[in-house]
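Chain C is fixed; fit chain E onto it per the hints.
Spelled out, the chains give:
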Amino acid sequence: MGKVLMKGNEVIAEAAVHAGCKYFFGYPITPQSELVAYMARRLPEVGGLFLQAESEIAAINMVYGAASTGVRVMTSSSSPGFSLKQEGISYLVGSELPAVICNIVRGGPGLGNIQPAQSDYFQVTKGGGHGDYNLPVLAPASLQEIVELTQEAFDIADRYRTPVILMGDGMLGQMMEPVEFGERSETEQFKKDWATTGTRGDGGPKIITSLELDAESLERRNCNLQQKFALIKENEVRYETYSIDDAEYIMVAFGTTARITMNAINKARQEGVKVGLIRPISLWPFPEEPFIETRDQVKAYISVEMSAGQMIEDVRLAVNGHAPVDFYGRTGGVVPTQEEIYDKIMMVARGVQV
Amino acid sequence: MLEEIIIAGFGGQGVMSMGQLIAYAGMLEGKGVSWLPSYGPEQRGGTANCAVVVSDEPVGSPLVTRPSTAIVLNNPSFDKFEPRVRHEGLLIINSSLVVGTSERKDIKVLEIPATDIANDLGNSRVANMILLGAFLELTKLVSTDSIIESLKKVLSSEKHHLIEVNKQALIKGAALVAVGIS
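These protein sequence lines are chains C and E, in that order.
Here our numbering is used: the first residue of the first sequence is 1, the next is one more, and so on.
Here our numbering is used: the first residue of the second sequence is 1, the next is one more, and so on.
The shape of chain C in the complex, shown without the other chains (with noise of 0.2 Å):
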């Protein structure tokens, strides 16, 4: 299969249909729609089953229940469906199901608008649901890239027993780039014995259930939950750095976002500015590797966000005080150019308005 052009959209739903994912259950919204349609044209034509619950409630308990079993299944929404989901996260977690949730985030707060952002950040990386929980979030860039992650979300689900997030925004959603869809030369094999699928007079129940009364059984259960997090800190997370070998200003972006501060980083070099990029791919775990590495040597980091500033958090805590951190966003729908990040960094390093 040669490239082709598709839309963000249907290149994460055919990137799961290549991960194995025969199950979808969602509900429609901008701008993420193209996705589910996509899912029900495309399901049953691999075996699969597609259905458009009543509720994003609805969806994601579904998505509880189709896990259950050990089965690939993924639901997909934009922040206000989104946020309707977040009980149901919680209750994965806390299960120990893995699911793939796709979230294309839009302008909020409220019903907001449908316009691109990624304001959705607090509510991914800290635990969007009740409980002491955090899950992998992936956030591509591309959609070349998307085709890459979305199978690394089912394998990091499957190896750890865990919901992955994949977030984009409505503007990675929307937009056509040429992609390709290899086949994986070797894939992972994950043996799901805790699966309800039935004993076969073969062993004794099985139970799948977040439910747990007896308070020291449950702390029990946070230690090893815990546990795993540590384990997936320690082993998933992903990042990539442009041009920060002599940089003395590093730009945080992840998304769409990054690829903008890219065009601007690339005018500021022109200019003789030493600037360069970390982006988080995994935005949690966050990737501090990158900042203990350079926080002595850089004059400041600039975090570029389609929000108020939310990722800035965990850079400050990565940079830990050993260097300044600086801001840029535009909130609520609104995209930053690169022209604004490209005065941003002028200001910074040159310390006057360009």
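Don't read these hints as lab results, they were simulated from the structure.
For glycine and all other residues, C-beta sits at the position ideal for the given N, C-alpha and C.
Be aware that a few hints might be false.
With a Cα cut of at most 25 Å, we get these calculated DMTMM-like pairs of lysine to aspartate or glutamate [stated by the list, open to error]:
#1 K153/E to E45/C
#2 K7/C to E158/E
#3 K153/E to E180/C
#4 K267/C to E82/E
#5 K108/E to E339/C
#6 K7/C to D145/E
#7 K3/C to E158/E
#8 K3/C to D116/E
#9 K3/C to E57/E
#10 K105/E to E183/C
#11 K274/C to E103/E
#12 K7/C to D56/E
#13 K159/E to D120/E
#14 K152/E to E180/C
#15 K3/C to E82/E
#16 K267/C to D56/E
#17 K267/C to E88/E
#18 K153/E to E339/C
#19 K80/E to E339/C
#20 K7/C to E149/E
#21 K80/E to E180/C
#22 K7/C to E29/E
#23 K80/E to E183/C
#24 K3/C to E29/E
#25 K267/C to E57/E
#26 K7/C to E57/E
#27 K3/C to E149/E
Which residues of chain E face chain C? A partial, calculated answer using Cβ under 10 Å [stated by the list, open to error]:
#28 A23
#29 Y24
#30 G26
#31 G32
#32 L36
#33 A51
#34 P58
#35 S150
Frame of chain C, contents of chain E only:
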């Protein structure tokens, strides 16, 4: 080479598909491409537009704020994007529907009565292809052959009979530039 294009007009004038054809053709020629639609509520009754980037390198920002070329098919699009065209950039105007003219001296301006010419060709809906033909003749960004090849892939087979009139419109647009209309 880095070409950052904005194509804008009313919904239904074929601005989205024009952009997709350029992106598709660029992909067929091995270039880095991206296509980004405006998908906000402004599409209803106002202007619809898309941003297309074609580059020798993988595409960085898919968002275009200062286009190297703007192709505007109606008045609101002219008002919105004429001032944004980059210094020494190109502005292509569908003068059948756009009333104003650009006063800018630092850009190249091409006025083509595309809707009228399309009507002469017997299909008002190919005005977009006349403008596309003119754009490609001027910039040689992708070949007309690649556009035709893309049309074959983008159009479902029951619409393949429309390829010929689209081809004629592309050739007509290119010819207008060749004879030096301004």
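Checklist entry - Which hint numbers doesn't this structure obey? => result 8, 10, 11, 15, 18, 21 and 23
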